[in-house]
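*Asks:* The primary structure of each chain is shown beneath.
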Amino acid sequence: MNWIAVSSIYKFEMARFFRTITQSFVSPVLSTSLYFVVFGAAIGSRIQEVEGISYGAFIVPGLIMLSVITQSISNASFGIYFPKFIGTVFELLSAPVNFIEIVLGYVGAAATKALFIGVIILATAFFFVDITIQHPVWMVLFLVLTCISFSLFGFIIGIWAGSFEQLQLVPLLIITPLVFLGGSFYSISMLPPVWQVISHFNPVVYLISGFRWSFFGAADVPILTSLFAIAGFTALCLAVIWWIFRTGWRIRQ
Amino acid sequence: MPDIVEIQDLRKAYGDGFEALKGVSLNIRQGEILALLGPNGAGKTTLISTVCGITTATGGSVKVGGHDTITDYRAARSMIGLVPQEINLEPFETVMNTVRFSRGLFGKPKNNAALEKILRQLSLWDKKDTQIRALSGGMKRRVLIAKALSHEPRVLFLDEPTAGVDVELRRDMWEIVANLKADGVTIILTTHYIEEAEAIADRIGVIAKGELLLVEDKDKLMARMGKKQLTVQLSKPIDALPASLTSDALVLSPDGDSLIYTYDTRAERTGITKLLSDVAAAGLVLTDIETSQSSLEDIFVDLVKEDAA
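Protein chains in written order, with numbering that gives the first Met the number 0: chain Y, 0 to 252; chain P, 0 to 308.
This is chain Y alone, in the form it adopts within the complex (with noise of 0.2 Å):
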């Protein structure tokens, strides 16, 4: 292994994190704070409690998924199109480097950097809402692997990205409206039947279950059901990446 570029891409990744440190600090904990307000206090104070949950604290899982999520796939397939977009790839194409190697330096970073958004998040939430985390060590697996998972996802989505347009389409079209419709603001089973079916077929659904069910101990799905897919998504995410550089689709001439 080059553990040498591998340490090279990352700290060169998280230097480009560092440069907008103010907006990366500010916009996430901004918005957290507004999504307290409106949902928390606004709205939230003629909403019943969810499951045993005051509504205000129900939702800090959600919103650490829908921030963690966006921010992993944003970071990530920015990290590899920029290159691309500039030209400075011909740089990882002809060093000595495999795709594990470019993989761990790029989704890595990205992986890190929404990390640290989560946490802010979280710490975030303590000044709003009253919660106690009952199963950290699980809160920590699924917030790490759901920043894994989806850093690699938008790495594929940053190769496949031929725009700054088409970059944004996956997550504007499709990531947001299904961690909307994941559960991040309600539970499965406030929906009616047939809505509680069509949502088992959205991946962030169980992740977001998961997730909650360390910080409350209660979830819409068994917690080895939630692992299992999260697992599952970052394995298919790492069989389409190894594809990717063994053919060198959209990457390599």
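No wet-lab data here; the hints were simulated from the structure. Watch out, some of these pointers could steer you wrong.
Once the Cα atoms are required to be at most 30 Å apart in a straight line, the calculated DSS-like pairs of lysine-lysine come out as [unchecked claim]:
{"#": "1", "chain 1": "P", "residue 1": "LYS180", "chain 2": "P", "residue 2": "LYS139"}
{"#": "2", "chain 1": "Y", "residue 1": "LYS10", "chain 2": "P", "residue 2": "LYS109"}
{"#": "3", "chain 1": "P", "residue 1": "LYS217", "chain 2": "P", "residue 2": "LYS107"}
{"#": "4", "chain 1": "P", "residue 1": "LYS62", "chain 2": "P", "residue 2": "LYS127"}
{"#": "5", "chain 1": "P", "residue 1": "LYS304", "chain 2": "Y", "residue 2": "LYS83"}
{"#": "6", "chain 1": "P", "residue 1": "LYS217", "chain 2": "Y", "residue 2": "LYS83"}
{"#": "7", "chain 1": "Y", "residue 1": "LYS10", "chain 2": "P", "residue 2": "LYS107"}
{"#": "8", "chain 1": "P", "residue 1": "LYS180", "chain 2": "Y", "residue 2": "LYS10"}
{"#": "9", "chain 1": "Y", "residue 1": "LYS10", "chain 2": "P", "residue 2": "LYS116"}
{"#": "10", "chain 1": "Y", "residue 1": "LYS83", "chain 2": "P", "residue 2": "LYS208"}
{"#": "11", "chain 1": "Y", "residue 1": "LYS83", "chain 2": "P", "residue 2": "LYS219"}
{"#": "12", "chain 1": "P", "residue 1": "LYS109", "chain 2": "P", "residue 2": "LYS139"}
{"#": "13", "chain 1": "Y", "residue 1": "LYS10", "chain 2": "P", "residue 2": "LYS126"}
{"#": "14", "chain 1": "P", "residue 1": "LYS109", "chain 2": "P", "residue 2": "LYS21"}
{"#": "15", "chain 1": "P", "residue 1": "LYS273", "chain 2": "P", "residue 2": "LYS21"}
{"#": "16", "chain 1": "P", "residue 1": "LYS219", "chain 2": "P", "residue 2": "LYS180"}
{"#": "17", "chain 1": "Y", "residue 1": "LYS83", "chain 2": "P", "residue 2": "LYS127"}
{"#": "18", "chain 1": "P", "residue 1": "LYS219", "chain 2": "P", "residue 2": "LYS273"}
Fit chain P to the given chain Y structure using the hints.
*Replies:* Here is chain P on its own, set in the frame of chain Y:
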């Protein structure tokens, strides 16, 4: 000198059937400067990209320092530095960070002293903390070279390194290339500027339509294919060549005031002595005589024309 790059029957065909490389075989000697000349679309950049791993070959093989670029790509690529044709740089990074990144990609541990030496050689040390976007075009080209040299490669590919740069910077680049050669780096450069190849290359390769037309020592090529011309200036213009001077090698200039004689420098007899005596016998009075040799550009144009025919 042993061969450091061995290219055997290298082929590259695209999905639409276009063949960018049609079985190129080329050996590059350690420590030499090889200039690859060719018109646009000849396959120069494709050849370099394929050797460096940016483009996947559809046939043939490449070895660098004895290492196959596919089966032993780590060892092969570690020996190669590439300066691309386009100025591809991360605009918001500083010079030092972007050069350090390149070194790291090649698995070389941090070495500020080595990077300082490279940046000083390229007159970039004062700009080390400057963002790339704030640099001039010429400075950006230097940064590309610094990045390519950051891991101390033994083989350096320069894809049109002086395209679009002013004369002063071009001459600076030539000096940089000469210094690298003195350090033992093998240099392969593609260029449109024939004078560039003429000034710095040891060997010349001419490529057209994906085929290597020739590879030869520059001086031998110039001697073999270069023609020399003798121009005899007359005191008074004439309307036509006197019958006694009629020859395929001799023509009258359009304004009739000089005779132009083309000859082969390698021939046993150049025919100059006979020409001058025939001119005197024809009653023509000379005012001046000068000779000129065809440039590499003329040779290149002739070669490509021959290939097209």
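*Asks:* None of the hints should be skipped; say for each whether it holds.
*Replies:* Hints, one by one, checked against the model:
1. Straight-line distance between C-alpha atoms of LYS180 (chain P) and LYS139 (chain P) comes to about 22 Å, which keeps the hinted pair within the 30 Å bound.
2. Straight-line distance between C-alpha atoms of LYS10 (chain Y) and LYS109 (chain P) comes to about 13 Å, which keeps the hinted pair within the 30 Å bound.
3. Of the supplied pair hints, the one linking LYS217 (chain P) and LYS107 (chain P) is violated, its CA atoms being roughly 36 Å apart against a limit of 30 Å.
4. Only pairs whose Cα atoms come within 30 Å are accepted, and LYS62 (chain P) paired with LYS127 (chain P) is rejected, the gap being roughly 35 Å.
5. The straight-line distance between the Cα atoms of LYS304 (chain P) and LYS83 (chain Y) is roughly 37 Å, outside the 30 Å bound, and the hint therefore fails.
6. Simply put, LYS217 (chain P) and LYS83 (chain Y) have alpha-carbon atoms about 38 Å apart, too far for the 30 Å limit, and the pair is violated.
7. The hinted pair formed by LYS10 (chain Y) and LYS107 (chain P) meets the criterion: a straight-line CA distance of about 15 Å does not exceed 30 Å.
8. Between LYS180 (chain P) and LYS10 (chain Y), the direct Cα distance comes to roughly 33 Å. Violation of the 30 Å bound is thereby established for this hinted pair.
9. Our distance criterion of 30 Å between C-alpha atoms is met by LYS10 (chain Y) and LYS116 (chain P), whose separation comes to about 23 Å.
10. A hinted pair counts as satisfied when its Cα atoms are at most 30 Å apart, and LYS83 (chain Y) with LYS208 (chain P) qualifies at roughly 28 Å.
11. For a cut-off of 30 Å, the pair hint linking LYS83 (chain Y) to LYS219 (chain P) is broken: about 43 Å separates their Cα positions.
12. Distance check on the hinted pair: LYS109 (chain P) and LYS139 (chain P) sit about 22 Å apart at the alpha-carbon level, within 30 Å; holds.
13. Under the criterion of a C-alpha separation no larger than 30 Å, the hint pairing LYS10 (chain Y) with LYS126 (chain P) is consistent with the structure, at around 21 Å.
14. As the CA atoms of LYS109 (chain P) and LYS21 (chain P) are separated by approximately 41 Å, the hinted pair breaks the 30 Å bound.
15. Restraint check for LYS273 (chain P) and LYS21 (chain P): not satisfied, since their Cα atoms lie roughly 48 Å apart, outside the 30 Å limit.
16. For the hint linking LYS219 (chain P) to LYS180 (chain P), the alpha-carbon distance of about 20 Å falls within 30 Å, and the restraint holds.
17. At most 30 Å may separate the alpha-carbon atoms for a hinted pair to count; LYS83 (chain Y) and LYS127 (chain P) meet this at roughly 25 Å.
18. For the proposed pair LYS219 (chain P) and LYS273 (chain P), the alpha carbon gap of about 28 Å is at most 30 Å, so the pair holds.
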